[in-house]
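Chemist: Residue numbers (the working numbering): 161 to 823.
Among the hints, erroneous ones may be present.
Said to hold, decoys possible - Across the chosen pairs, the derived CB separations fall in these ranges: (1) V268 with K327: 23 to 31 angstroms; (2) S389 with V654: 28 to 36 angstroms; (3) G390 with R491: 53 to 61 angstroms.
Derived from the structure by calculation, the hints contain no laboratory data. All C-beta atoms, glycine included, are put in the ideal place defined by N, C-alpha and C.
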Amino acid sequence: MIEKGGAQPTILVVEDDPAHSEVVARVLSAHGGYRLRFATTLAEAQRAIANEPPELVLADLNLADGKAFDLLPGPSDIPRLPVLVLTSHGDEQTAVLAMRCGALDYLVKSPEAFNGLPRTVERALREWHLIESRRAAEAALRESEERFRMLFESSPDACSISTSDGKYLEINRCAEELLGYRREELLGRGEQDTPLIHPDYLQAAARMLQQSGAGSPSPPTELVIVHKSGREITIEARIVPVRFGNVTALLSTSRDITARKQAEAERRRLEEQLRQASKMEAVGRLAGGVAHDFNNLLTGIRGFTDILLSAPTQGDAERSDLLEIRRATQRAAELTGQLLAFSRKQVIAPVVIDLNQLLLGSMRILERLIGEDVQVTFRPGVGLGCTRVDPSGIEQVLINLAVNARDAMPSGGELKIETAAVEVDAAFCAEHLDARPGTYLLMSVADNGVGMSDGVLLHLFEPFFTTKGPGRGTGLGLSIIYGIVQQCGGFVHVESSVGAGSTFRIYLPAVAERPVTQALLDDAVLPRGSETILLVEDEVLVRGLVSKFLESQGYKVLSSARGSDAIDLAARHATIDLLLSDVILPTMNGRQIYEQLAASRPELRVLFMSGYTENIIAPHGVLESGFHFLQKPFSLKELARKVRDALGEPDEPDEPDEPDKRR
């Protein structure tokens, strides 16, 4: 006897013959353990089943209002129940029909069948229990398979199931999109049939298969696969062994990380650009700091050498030595200028130029400079326009690039120089930190020489970095280019690889103005004067030199080392025509001295001088329009001209309404 949850199984007996109902009740009651319910019609049975489903139905085949087949599974509102069909006149055809309709068993009414009814009922309940258990297991399996299928297909990662030797058993929709192949094209095929992994990553993929084949999940591994179209895709893949009965299969998941890798590479590139810019800015600050003291020393050495050279008492040997000192001083000044050009802090006087005309005028010098074994071609852009730059600086950029290109082509080659007007957009600026959107004039200098490696490109613009042998280069050429172009408001972009030559692209801001020409200064005669000059200079060497030279040129010089001393000195003299002052001084700078004196002497003119770089002196306002400025180190000729320019022509009356005359 089978009990459900410890309770007696309920059996519904559907029989319209009272005698048969009595026999069934007697036999099953004698056996015990069952709770019996009775119905005489099909309709009554259906109501009983709907109200309280029994564990088993014993139903006569032929009822007054229908057949027992109507109690078998069919309409959705009738629960699935085990039904034993009873009949008085049965045959094989009826039995087959009953079983096909879903009856659990078929019994012909007879004394033997009634006597064995308890055993038949118990067997039917056991069979039905097994059927229901199997049906529940199958439903759970179908639900599990459906859930797996749903998760497998809806996974955002590309998923595939393959045999231990790599043949595909199943792939999901995301895998089809990632690989570019339809499911039917891959099932049953492996890497040998349809190569998907980039050749450089086959060993890494083989290690993953080996590890997962041994029963351990492989760690996440970066691979490159080849899409059906030939496009290469970077993925992060993992393989996990799974069991299907006695068979081990491999579940692979792959995620497209191409965009992430590109973003990481871009971030690393920008970080490296930022580090490079910070490093070069630090070196530039160092160069600017050294410039002041160095320029003061060079000014003194150069000036006193000029004074000695102007004296008529030297013999040829002494004069030759002095000329060597002056040449050495000039080279030292040029070196300082190169460092300042790199630091982008030197004082420059940019003018509007026609870039094509400037480069065209430099071609003959350039051809002589780099030799006959290098073919130079210049292709000027049409309708190029103008740019505001220091012409000598741009010529120096061109010469330095040409010399570097010549050295990169020891057996000769071709140097191409081209110009064009280009528009720089935000997308380009995102990849080049120095760039700003706008219209630029592009000067491209390309060679077909040995090229440069990534390691060389990383340090390309650093001062004193060179790949040339000892004595063949200072390492300042490209750093000077960088500084000059940056100070002009432009930027430099370099492309190069070993064996493929180099291309330097110089971007200079375009302007709508027309080019101007610069008048040359007359070197013939040093200008003289008789005015009174108040000199303020804290460097003893420079103060003594300037004072001695200006007095030799006819000027009256009042000199002091401090601003407060200069104010007191001016108070004791009624006439002072020019203030000649260093910019950076202890306690009071040159601009403050001038403003205090000009309050009571509105006609006072001023000439500032400094060995500091532009970023130091610019905040003091001495580079504004209307002020004269002299950059250290300077020659005595430059000093004489600048003093005369600030004072005006000796015979001319003062014109206080013109700022450049007054100041």
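Chemist: Could you say whether the range 28 to 36 angstroms given as a hint is met by the Cβ separation of S389 and V654?
Modeler: About 33 angstroms separates the Cβ atoms of S389 and V654, which means 28 to 36 angstroms holds.
Chemist: Range hint 23 to 31 angstroms: satisfied by the CB atoms of V268 and K327?
Modeler: violated (57 angstroms)
Chemist: Do the Cβ positions of G390 and R491 conform to the proposed distance bound of 53 to 61 angstroms?
Modeler: With Cβ atoms ~59 angstroms apart, the hint holds.
The earlier numbered hint that this structure contradicts is number 1, and it is the only one.
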